[in-house]
Amino acid sequence: KQEVTQIPAALSVPEGENLVLNCSFTDSAIYNLQWFRQDPGKGLTSLLLIQSSQREQTSGRLNASLDKSSGRSTLYIAASQPGDSATYLCAVRVRRGSARQLTFGSGTQLTVLP
Amino acid sequence: SQTIHQWPATLVQPVGSPLSLECTVEGTSNPNLYWYRQAAGRGLQLLFYSVGIGQISSEVPQNLSASRPQDRQFILSSKKLLLSDSGFYLCAWSPGLAGATGELFFGEGSRLTVL
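Residue numbers (the numbering used here), protein chains in the order written: chain L, 1 to 114; chain S, 1 to 115.
For the record, the hints were derived by calculation from the structure and aren't laboratory data.
Backbone N, C-alpha and C define an ideal beta-carbon position, used for all residues, glycine too.
Please note that a few of the clues may not be correct.
[What the hints assert, rightly or not] A partial selection of chain L residues facing chain S, derived with a Cβ cut-off under 8 Å:
hint: 1; residue: Tyr31
hint: 2; residue: Arg72
hint: 3; residue: Tyr76
[Stated by the list, open to error] Looking from chain S toward chain L, a few residues come up when the C-beta cut is under 10 Å (computed):
hint: 4; residue: Thr3
hint: 5; residue: Gln6
hint: 6; residue: Trp7
hint: 7; residue: Pro14
hint: 8; residue: Leu44
hint: 9; residue: Leu46
hint: 10; residue: Lys79
hint: 11; residue: Leu90
hint: 12; residue: Ala92
hint: 13; residue: Glu103
hint: 14; residue: Phe105
hint: 15; residue: Gly107
hint: 16; residue: Gly109
hint: 17; residue: Val114
[Said to hold, decoys possible] Not close to chain S: a few residues of chain L, all C-beta gaps over 12 Å, as computed:
hint: 18; residue: Pro14
hint: 19; residue: Glu17
hint: 20; residue: Val20
hint: 21; residue: Thr26
hint: 22; residue: Gly41
hint: 23; residue: Ser46
hint: 24; residue: Arg55
hint: 25; residue: Glu56
hint: 26; residue: Thr74
hint: 27; residue: Gly105
Throw the hints in and build the complete structure from the sequences for me.
Written as structure tokens, this is what we have:
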């Protein structure tokens with residue numbers, strides 16, 4: 001059974017810092033990994049999707065990496081801003097086309113202090 | 001572009017009352033559709049998913065049910081709500097075509113409080 005862990009559960013940093021959020025998974029035979037952002041009381045917003053054949057994806061100040069062999073992904077946020085404050089979740093899809101195999105981590109709650 | 005709409009945004013219902021949450025997707029055809037529940041302090045739990053009209057798969061035994069009467073419409077229902085049904089319900093979709101990336105897109109969620 002795939003298990004996804006995100007550490008730390010909460011993180012507080014001053015504005016302007018570069019930071020890394022971690023996601024680890026137990027089954028390395030993944031199809032893809034997706035990072036989401038969730039603001040309080042809102043739905044999830046897709047940030048980056050990394051296919052199993054890719055090593056990283058970039059969008060603006062965000063960079064996500066994937067190391068299947070070690071079962072790890074990181075989300076790098078450059079020059080953090082207060083608007084980045086949210087909960088960040090990663091989700092792993094183990095087998096193509098199977099919704100049952102999408103497993104979410106419990107998230108990292110990020111607070112960027114002005 | 002594709003959009004997903006979910007309503008109502010907030011709902012307060014007494015125990016034993018019925019429930020209907022609705023979700024529609026625009027700008028795509030034959031999407032895979034999903035209902036998730038997010039309880040306070042817990043992760044996302046997949047409740048139902050559908051790969052086509054009338055095709056519903058249930059992941060967790062419960063007093064909830066789902067239906068897909070049209071290609072881009074997904075409904076979550078209950079005949080009699082329980083206190084434990086309280087939570088944040090999220091509808092999501094992903095491209096249903098072969099070769100699609102599998103990226104998942106969520107609606108804004110529906111907050112259900114059962115009293």
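Evaluation of the provided hints:
Because the beta carbon of tyrosine 31 of chain L sits about 6 Å from the nearest beta carbon in chain S, less than 8 Å, this interface hint is met. With its C-beta approaching chain S no nearer than about 19 Å, arginine 72 of chain L sits outside the 8 Å limit, and its interface hint is violated. With a cut of 8 Å, the hint placing tyrosine 76 of chain L at the interface with chain S is violated, because the nearest CB-to-CB distance is about 20 Å. The restraint placing threonine 3 of chain S at the interface with chain L is violated, with a minimum CB-CB distance near 12 Å, outside the 10 Å limit.
For glutamine 6 of chain S, the shortest C-beta to C-beta distance to chain L is roughly 8 Å, which falls under 10 Å, so the interface hint holds. Restraint check, tryptophan 7 of chain S versus chain L: the minimum CB separation of about 12 Å is more than 10 Å; hint violated. Given the 10 Å rule on beta carbons, the hint for proline 14 of chain S is violated: about 22 Å separates it from the nearest Cβ of chain L. Evaluation of the leucine 44 of chain S hint against chain L yields a held restraint, the C-beta minimum of about 5 Å falling below 10 Å.
This hint holds: leucine 46 of chain S has a C-beta 7 Å from the nearest C-beta of chain L, less than the 10 Å allowed. Interface restraint check for lysine 79 of chain S: the shortest CB-CB distance to chain L comes to about 25 Å, outside 10 Å, so the restraint is violated. For the restraint placing leucine 90 of chain S at the interface with chain L, the shortest Cβ-Cβ distance is roughly 6 Å, inside the 10 Å limit, so the hint holds. Annotation: alanine 92 of chain S was flagged as interfacial toward chain L, and the flag holds, the nearest CB pair being 8 Å apart, inside 10 Å.
With its C-beta approaching chain L no nearer than about 5 Å, glutamate 103 of chain S sits inside the 10 Å limit, and its interface hint holds. The beta carbon of phenylalanine 105 of chain S is positioned within 10 Å of a beta carbon in chain L (closest approach about 6 Å), and the interface hint is therefore held. The beta carbon of glycine 107 of chain S is positioned within 10 Å of a beta carbon in chain L (closest approach about 5 Å), and the interface hint is therefore held. Of the supplied interface hints, the one on glycine 109 of chain S holds, with its beta-carbon coming within about 5 Å of a beta-carbon of chain L, less than 10 Å.
Against a cut-off of 10 Å between C-beta atoms, the interface hint on valine 114 of chain S is violated, since the closest Cβ of chain L lies about 18 Å away. Annotated as non-interface, proline 14 of chain L keeps its C-beta farther than 12 Å from every C-beta of chain S; the closest such distance is 27 Å. No Cβ of chain S comes within 12 Å of the Cβ of glutamate 17 of chain L; the nearest lies about 27 Å off, and the non-interface call holds. In this structure valine 20 of chain L is separated from chain S by more than 12 Å, as the shortest Cβ-Cβ distance comes to about 21 Å.
Look at threonine 26 of chain L: its CB is around 15 Å from the nearest CB on chain S, clear of 12 Å, so calling it non-interface holds up. The beta carbon of glycine 41 of chain L sits about 7 Å from the closest Cβ of chain S, which is not more than 12 Å, so the claim that it is off the interface is violated. Look at serine 46 of chain L: its CB is around 6 Å from the nearest CB on chain S, not clear of 12 Å, so calling it non-interface is violated. With a closest Cβ-Cβ approach of about 16 Å to chain S, arginine 55 of chain L is found to remain outside the 12 Å limit, as its non-interface label requires.
Its beta-carbon lying about 16 Å from the closest one in chain S, glutamate 56 of chain L satisfies the requirement of being farther than 12 Å from that chain. With a minimum CB-CB distance of about 19 Å to chain S, threonine 74 of chain L clears the 12 Å threshold, and the non-interface call stands. Consistency note on glycine 105 of chain L: stated as away from chain S, yet its beta-carbon is not over 12 Å from all of that chain's, at 7 Å minimum.
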